[in-house]
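Engineer: So the chains spell out like this:
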Amino acid sequence: MFFYAITGLINAATSLILGIFVYSKNRKNELNKKFGLFAFSVAIWSFGYFFWQIAKEPQEALFWSRVLMAGTIFIPVFYFDFVLRLINNVKRNKNLLIFGYIASFIFFLLNFTPLFVRDVTSKLSFPFWPEPGILFHFFLLMFFGYTAWSWYLMIGAYKKFTGMKRKQIKFVLIGTLVGFIGGSTNYFLWYNIPILPIGNGLVSIYVILVTYAILKHHLMNIRVIATELFTGLIILILLVQTIIAPSFDEFLIRGGVFLFVTIFGFFLIRGTLKEIETLEKLTRAKSEFVSIVSHQLRTPLTAIKGYMSMLIEGSYGKLPKKSERVIGNVYESNERLIRLVNNFLNISRIKAGKLEMAYEKTSLEEMIEGIISELKLESKKKKLYLKLEQSKKPVPQILVDAEKIRQIILNVIDNCIRYTKQGGIVVKVKNLRYGVLISIIDTGEGMTEEEVTKVFHSFSRGSVGNETHTEGAGLGLYIARKFAEMHKGKIWAESKGRGKGSTFYIELPKKPKQMA
Amino acid sequence: MKKILLVEDEKLLKEMYKEKLVHAGFEVISASSAEQGLELIEKEEIDMVILDVLLPKENGIFFLKQQKNNPKISSIPVIVFSNYDDPDSRKQAEKCGVKAYLIKTNITPAELVGYVNKYL
Chain A
1 MFFYAITGLI
11 NAATSLILGI
21 FVYSKNRKNE
31 LNKKFGLFAF
41 SVAIWSFGYF
51 FWQIAKEPQE
61 ALFWSRVLMA
71 GTIFIPVFYF
81 DFVLRLINNV
91 KRNKNLLIFG
101 YIASFIFFLL
111 NFTPLFVRDV
121 TSKLSFPFWP
131 EPGILFHFFL
141 LMFFGYTAWS
151 WYLMIGAYKK
161 FTGMKRKQIK
171 FVLIGTLVGF
181 IGGSTNYFLW
191 YNIPILPIGN
201 GLVSIYVILV
211 TYAILKHHLM
221 NIRVIATELF
231 TGLIILILLV
241 QTIIAPSFDE
251 FLIRGGVFLF
261 VTIFGFFLIR
271 GTLKEIETLE
281 KLTRAKSEFV
291 SIVSHQLRTP
301 LTAIKGYMSM
311 LIEGSYGKLP
321 KKSERVIGNV
331 YESNERLIRL
341 VNNFLNISRI
351 KAGKLEMAYE
361 KTSLEEMIEG
371 IISELKLESK
381 KKKLYLKLEQ
391 SKKPVPQILV
401 DAEKIRQIIL
411 NVIDNCIRYT
421 KQGGIVVKVK
431 NLRYGVLISI
441 IDTGEGMTEE
451 EVTKVFHSFS
461 RGSVGNETHT
471 EGAGLGLYIA
481 RKFAEMHKGK
491 IWAESKGRGK
501 GSTFYIELPK
511 KPKQMA
Chain X
1 MKKILLVEDE
11 KLLKEMYKEK
21 LVHAGFEVIS
31 ASSAEQGLEL
41 IEKEEIDMVI
51 LDVLLPKENG
61 IFFLKQQKNN
71 PKISSIPVIV
81 FSNYDDPDSR
91 KQAEKCGVKA
101 YLIKTNITPA
111 ELVGYVNKYL
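Chains as they are written, first to last, in my numbering: chain A, 1 to 516; chain X, 1 to 120.
The reader is advised that the hints may include incorrect statements.
[To be verified] Partial list, derived from the structure: chain X residues whose beta carbon lies under 7 Å from chain A:
no.	residue
1	Glu10
2	Leu13
3	Ser32
4	Thr108
[As the list claims (entries may be wrong)] Here are the computed lysine-lysine pairs in the BS3-like style, where the Cα-Cα straight-line distance is at most 30 Å:
no.	chain 1	residue 1	chain 2	residue 2
5	X	Lys95	A	Lys361
6	X	Lys91	A	Lys510
7	A	Lys361	X	Lys65
8	X	Lys91	A	Lys361
9	A	Lys511	X	Lys99
10	X	Lys91	A	Lys387
11	X	Lys18	X	Lys99
[What the hints assert, rightly or not] Ranges between beta-carbon positions, derived for each pair:
no.	chain 1	residue 1	chain 2	residue 2	range
12	X	Pro71	A	Ala402	30 to 36 Å
13	A	Gly317	X	Ile76	44 to 50 Å
14	A	Phe230	X	Lys91	36 to 42 Å
15	X	Ile76	A	Ser391	36 to 42 Å
16	X	Lys72	A	Glu275	51 to 57 Å
None of these hints come from the bench; they were simulated from the model. Computed from a predicted model, the values in this text were never measured in an experiment. Just so it is clear, CB atoms sit at the ideal spot from N, CA and C, and this is done for glycine as well.
Build out the structure end to end from the sequences listed, making use of the hints.
Structural biologist: Below, the structure is given as structure tokens:
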């Protein structure tokens, strides 16, 4: 039974290390917190598993299988909580979540009674295998119920989300599928079905995949972690093998291999670290360059903007009709240049991970009025209407990073103007229970189903050069999505197809910091 | 007449904003560096400062810190007005209690006058 004990130990070590790692990476984030709790319960289960497997006495085995259950009891509810944070769907499942916590707690209180694990008996090649008490069946129902519901929600969310979130959800889905199926092979023997818990070792893969999913935006770091983890695991196995060597000769051989791999691993990790350091330096240099260039570009743009606006306002006397149009065009082109420079600057910051949030109470309707007046000239020139439809119920001020939200809305409306030939654009703001929904509806060219999902992440795939030459959809909407995600909000588009107009939706939570 | 101190090293921009502000009925004195600005703010009766961040020797943040430590002038409102949109500078400026941190390219001179009136 040594094999099963080792799988338990490996699961325990991976869960504990990764759980602590993910949690310490961002202690304030609910997602990281919930994953930490989940990984911790997997670790307790796995430690219990290990000691139960190596137990020599029935009493000892019974005790450790109850420790094992103490961890297991919390796995489904922590998992469910984690999934809800991942897909931003806590509110709608709140009651189910609370029920899960209460039930788990009650189960936990009764865990060290025969109601959960009645006894241990010998099954197949296992000298001690737990016998289920009456409550165990109820727990198992909850276990599969909560897991299945989590999967169902995640599959729904996978279809809805785009970009990084979508990838994250995919990893968690695959990870849990592997891990839960593997882990579930443990349940057969409880019901005397003669199937060995062969899948137990897969649980580690699951924890590793989920960790990867959470930290995917720190792809640089995770590569090192993966290398470290993998090397560490091999070294651990070799060390165990060395310790349990049956003879001195064998001990020497295994010890030699252990030493060799340890030294090799050290250099491997150092090499990876160095490579990453160089890459990070390059990225930093690139973004600094863009910052300086943008700043230098802005100075003449400011002078053009200032003087042009003063000309238009009539500070230098009334303009002749003919020049009015020309000056208006120059002003517009300059505005476009300014937006481009701003977008480049934002992109370089996003790529360098240098953006920070500055929250302030903001009236979205006031902000939209401002943006509309800024873009009025442009829409007028194309003979398009551009207006804010006042909401029936008042929309309260919400806590957002005003500059970033301004960029989102500006970029989306700008995009709508570009793709609309006749008709116009209407902006609506609606107060939701937990957030605010901004809809931007145009009568423009519309999009195919494929384009609807593509517009927000085309940039990340294509090269910068290609995208900027296609005039649109590259920079602006990509930035809009990034900024919405930074607010824990969502942005998406809907269209009934070519020629049927598009609607862009921006959903922002009212309390961004409290949501995951 | 309200007196505004404009700390701006770019000649063209200084001229432009000065023109607009004077046109809007303010008295404007200008400085091309943080040091010169600090000299003027102590000497003259200033009602508001419009401050650039990237300046020849010491930067705008230096100006703000000096101003904050001098009780005689610490209560004069400041609008930071720069094209240098760096999160660190923004944070430091906000810590010093500036009224606003505005990006020049996003604002027309007329809008700047609006902000001045708002914070005066």
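Engineer: Taking the beta carbons of Pro71(X) and Ala402(A), is their distance inside 30 to 36 Å?
Structural biologist: holds (32 Å)
Engineer: Note whether the CB distance of Lys72(X) and Glu275(A) lies within 51 to 57 Å or breaks it.
Structural biologist: Holds, since Lys72(X) and Glu275(A) (Cβ atoms, about 56 Å apart) stay within the stated range.
Engineer: Have a go at the Thr108(X) hint: is there a Cβ in chain A nearer than 7 Å to its own Cβ?
Structural biologist: Holds, about 4 Å.
Engineer: Please work out if Lys95(X) and Lys361(A) have their alpha carbons no farther apart than 30 Å.
Structural biologist: Holds, because 18 Å separates the two Cα atoms, which is no more than 30 Å.
Engineer: Using Cβ atoms only, decide whether Leu13(X) comes closer than 7 Å to chain A, and label the hint accordingly.
Structural biologist: This interface hint holds because 6 Å falls under the 7 Å limit.
Engineer: Can the restraint linking Lys91(X) and Lys387(A) be considered satisfied, given a maximum Cα separation of 30 Å?
Structural biologist: Violated, at about 34 Å.
Engineer: Hinted pair, alpha-carbon criterion (30 Å max): Lys361(A), Lys65(X). Please report holds or violated.
Structural biologist: holds (27 Å)
Engineer: So does Ile76(X) sit 36 to 42 Å from Ser391(A), Cβ to Cβ?
Structural biologist: holds (40 Å)
Engineer: Has the hinted range 36 to 42 Å been met by the Cβ atoms of Phe230(A) and Lys91(X)?
Structural biologist: holds (40 Å)
Engineer: Identify whether the interface hint at Ser32(X) stands, where standing means a beta carbon of chain A within less than 7 Å of its own.
Structural biologist: violated (15 Å)
Engineer: CA of Lys18(X) to CA of Lys99(X), is that 30 Å or under?
Structural biologist: holds (20 Å)
Engineer: Given the hinted pair Lys91(X) and Lys361(A), is their Cα-Cα distance within 30 Å?
Structural biologist: holds (17 Å)
Violated hints, in rising order: 3, 10, 13; the structure is consistent with all others.
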